[in-house]
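Read top to bottom, the protein sequences are chains V and Z. The first sequence begins at 1 in the numbering used here and counts up one residue at a time. The second sequence begins at 1 in the numbering used here and counts up one residue at a time.
Derived from the structure by calculation, the hints contain no laboratory data. Any given hint might turn out to be false.
With a cut-off of at most 20 Å between alpha-carbon atoms, the simulated SDA-like pairs for lysine to any residue come out as follows [as the list claims (entries may be wrong)]: (1) K153(V) to R15(Z); (2) K84(V) to Q18(Z); (3) K138(V) to H11(Z); (4) K46(Z) to Q19(Z); (5) K13(Z) to E64(Z); (6) K146(V) to Q18(Z).
The structure presented is a predicted model; accordingly, all values stated were derived computationally and were not measured.
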Amino acid sequence: MPEMRSPFSLPFPAVRMKIPTERVRIQLEDFSVEQEIAEIKSVSKRIGGIVSFLGSARDFSKEREVSQIEFEHYPIMAERTLAKIREEALNKFKIIDVTLIHRVGTICIGENIVLIIVGAAHRQDAFLACAWCIDRLKETVPIWKKETTPEGKIWVEEHP
Amino acid sequence: MGTIKVCFFAHLKERAGQQEVILEIGGPSSVQQMRAGMEEAIPSLKGMTKRCRIAVNQEFVGEEAVIHAGDEIAFLPPFSGG
């Protein structure tokens, strides 16, 4: 039997074809790890090692259940600081490119929050740069997290 | 005479009940003067910004920074992204 499809719905591949071009982004919507890795790979055939860090929303923090997280950022400054981390990483490590994405808005447990992908010729530099990038992000990018807990909504101040 | 915009985030924004405030500035001012002016305009934030970093026009600055008319100031509580 032929598949029934509404003539008004967008074909699935067209939606998937939306290729992000910015290496540094703060966004409400989710990201595709696979797509971002493909983007980094497409930068250079010299890439031989890719290291990624994916931060996701967990349901427990400081001895409390967490049911939802909200992220707020300082627009322009947050993007600018992310871009600075990318530039510094490119200068500091022997890597070829790096993507940094952080989501804002309301995020449910299990959903993606932050993604760092580093492409390098060799794994050692990629591992070092990736760890450095997420540490710098936590220290310097103006983003704040509010957790929904049984005791109410609480702004979190530290970055473990 | 001119004005500056002072922005608040996270718990400061909720406590202030507003995201930003426009303050008059007589001339180049210190961070201390700006903070005093802000606390006068929004008493609920008195003493609340000690742990904040300060940004002027989206760049981190120290307590010694000089603030001019037209600047955008932000009080940034400790970050918790990532």
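Okay, the hints, checked on the actual structure:
Proposed proximity of K153(V) and R15(Z) is supported: the alpha carbons are some 14 Å apart, at most 20 Å. Proposed proximity of K84(V) and Q18(Z) is contradicted: the alpha carbons are some 29 Å apart, above 20 Å. A distance of roughly 18 Å separates the Cα atoms of K138(V) and H11(Z); the hinted pair therefore holds under the 20 Å criterion. About 16 Å separates the Cα atoms of K46(Z) and Q19(Z), which keeps this hinted pair within 20 Å; it holds.
Note on K13(Z) and E64(Z): the hinted pairing is violated, with a Cα-Cα distance of about 24 Å set against a maximum of 20 Å. Distance restraint check for K146(V) and Q18(Z): the Cα-Cα separation of roughly 17 Å lies within the 20 Å cut-off, and the hinted pair is therefore satisfied.
Of the numbered hints listed earlier, those contradicted by the structure are 2 and 5.
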